[in-house]
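A.B. asks: Residue strings, one per chain:
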Amino acid sequence: MERFTYVRPNSIPEAVALLNEPGLRSLPLAGGTDLLLLLRHNQKTCDRVVDISLLPELHRIERRQGWVSIGAAATFSEVMESDIVHETAPLLTQACAQIGAVQIRNMGTLGGNVVNAAACADTLPPLVCLEAVARAVAPHQTLEWPLSEFILAPNHTRLPAGALLVSLDYPIPPAGTRSLFLKLGRRNAMAISRLTVAAMGRLEGNKIAEVRLVPGSVTPQTVRLRPVEVFLLGQAPSPELLRQAAQLAVEEVRRLVGRRWSSEYKEPALAVLVYRALHTLFLPPCPAEAH
Amino acid sequence: MHIAFVLNGAPVSIEAPADITLLTLLRDYLGLTGTKQGCEVGECGACSVLLDGRLVNSCLVLAPQVGGRKVITIEGIRAPDGGPNDLQRAFIEYGAVQCGFCIPGMILAGEALLARNLHPSRAEIRAAIAGNLCRCTGYQQIIDAIQATAQHRRERSVHG
Chain A
1 MERFTYVRPN SIPEAVALLN EPGLRSLPLA GGTDLLLLLR HNQKTCDRVV DISLLPELHR
61 IERRQGWVSI GAAATFSEVM ESDIVHETAP LLTQACAQIG AVQIRNMGTL GGNVVNAAAC
121 ADTLPPLVCL EAVARAVAPH QTLEWPLSEF ILAPNHTRLP AGALLVSLDY PIPPAGTRSL
181 FLKLGRRNAM AISRLTVAAM GRLEGNKIAE VRLVPGSVTP QTVRLRPVEV FLLGQAPSPE
241 LLRQAAQLAV EEVRRLVGRR WSSEYKEPAL AVLVYRALHT LFLPPCPAEA H
Chain B
1 MHIAFVLNGA PVSIEAPADI TLLTLLRDYL GLTGTKQGCE VGECGACSVL LDGRLVNSCL
61 VLAPQVGGRK VITIEGIRAP DGGPNDLQRA FIEYGAVQCG FCIPGMILAG EALLARNLHP
121 SRAEIRAAIA GNLCRCTGYQ QIIDAIQATA QHRRERSVHG
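Protein chains in written order, with my numbering: chain A, 1 to 291; chain B, 1 to 160.
Among the clues, some could well be false.
[To be verified] Partial list, derived from the structure: chain A residues whose beta carbon lies under 7 Å from chain B:
id, residue
1, ARG3
2, THR5
3, GLY32
4, THR33
5, LEU36
6, GLN43
7, CYS46
8, ALA101
9, VAL102
10, GLN103
Treat the hints as calculated values from the structure; they're not laboratory data. Cβ atoms here follow ideal geometry from the backbone N, Cα and C, with glycine treated the same way.
Chain B with its partners taken away, still in its complex shape (with noise of 0.2 Å):
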């Protein structure tokens, strides 16, 4: 059937089956394979995305679902300048990342996060990255980046 929605931030058209999820779409029809395919049963949020700015599993939502609507997947997170951004700068400076595996899906969730609430607290921190599962990490570098950046973006909130 024919799909028409909004990724990250351009409109995209696409014939695609009904029955595939957009975890699938994503991955094998728009060759967009940030978006990681885990569990595929929504308990890990490898394959967390922004739909109409709430964070959700692409696993769990079916492709014709998002037809009409907004998707922001990791590859729509970036720096002005293609760059990383904040964010993502301060998963590397904090060691937040080993794998990688988990890391599109907890930045998407660290952004959902930060688009609500720019004073969360560590407990706050940790119920928004809640349904991301990392294995490497411990969580702690991870829930220390998101907690620099909501300070980084309070100061520029204030300063811009």
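This is chain A alone, in the form it adopts within the complex (with noise of 0.2 Å):
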């Protein structure tokens, strides 16, 4: 007796349909390397898994007036292997390089991320950073959100049920825009990252005109740290400003998630994460001291 059944759409509007048929119980299959290990440990997770994964409008990565688009069933390696979002998003490559191993990579996918929510998922600090817009496709309406207000808890998203997550959408940030993604996890690879930190920002010159900072794995909801941005903002970068936004960074999240039993070792990798990051966008390579 199958626990569940499997059928594959040719189409977005066939796979809402498929996902809103009337008793039965769909959820959408993309990469599968979270929903099979739910499917095995879960018996009841659903009557049907709709196939999405093979949609080639899902894996579309494309330039559109001033936006990237990224289909939400692009695989990590797809959306790393991009020269449009190596160009425009260089943070997105790098937090994609970074997911797992190539078996993981070559599976599981954007938009899987995003849906699932993980607290530690890696691309969300660099999708919030690019204030990137979710767009999902319901029976009979399109949606869109800024990815900061989708996801409203770990695990958690205003994507209502029966409607599919199409594309993750970001404005090209302006020429001379440096960003970056650095992560800490047990090791290189396979490693869920204890703490990452996603970073965006432009000199106008020798002053900071934009910048953008997201810790990831570290607060419930992925957030940029404004306090720590309006801090910046205008100032020149310097070693001792760096420093001081990056104890604002700790202050920042300290008031967001309060102290945990994680807090001794993870308050003082966020304050170094913090300054190499702004280090990396706004000073010439760092001393190595600093590190």
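With the hints as a guide, dock the two chains, each given alone in a separate frame, to form the complex.
C.D. replies: See the structure below:
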């Protein structure tokens, strides 16, 4: 007796119709790296999986009028190998390149990472940093949310049952913008992130004209550290200024999540990662002692 | 349900439940036990196969997902005469095999790398096998074997 059945739609509308067929609990299957574990351990996950992993339109990565649109079923490998993403959002390339190992990157998808919304999801900090928008299709409407509002809490998003996330879109940052993603895990491969930092910024003259800073695996919702950004804007970067910003980042995270058992190591680690990220964005290469 | 796909170059058509993994389909329904069942959660890489040329964990693929697609398992990796190919011979030559359990996955990870990159650095080789755990060798001999095969294939492509 099969615990669930399998169906492979040929288009997004067909997939959405299948997901909303009355009397059947259907779930979309994209990369399967999370869903297959759920299906194995929970007998009643769903009645049917709707395999959206082979829909070509969900793999498209394209530029459109100042935006980049990434299909929700694009795998981490596809995102990592995309020249469009590398040119416009190197921090997203770097995040995808550090997820799991080859096998997981070849299966796992950007949309799956966003919809599952694990607290340690590595693509969320870069996407929030990029001010990405999540686009979904429901039976009679299309929906969109800024990613920062889409994720409500770990494993909870605004995606209604029966709606299908179709793409993650971000505005192309202006020329001169630099960005990066730093990750701390227990080893380089297959490591669940303990702490990450996504950062973007741009100088005009010698002043910071734009800066966005998003820590990962440390706050329940993926958020920009606005007080730190405000502190830095308009300032001329110096090691001292960046050290103060890193301390401010620690204080802001403490305000958001309080002190936890992990704070003792995460707070100093966060200060170092933030300092290193800002240094890379705004100052010449770090001297060895700054690490 | 009915699942039709190309396995190691030959068409296969089989009735199997929709809720089993590709790993179970290969081992229990098709009798191809070269693909190893290890952790079953996508951590160890022992069940690695190539799906449309990409390295994947067969424990994280549903059997019906391979319908209409191409799968290569360790049984499909061999020299034209049916014996071990150059990568497999290099594993033997460099002492890269001890208990052997991880080796089918290692060979497929190596083949996946060499199909895209015949000039891999040691760091690139390490990254390519990062999803394959070996508890015997300490990896160095495996890396040596892949590196030697890359060189062998480069020379062959120049002279051949």
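A.B. asks: Which constraints among the numbered hints does this structure fail? Numbers only, ascending.
C.D. replies: 6, 7
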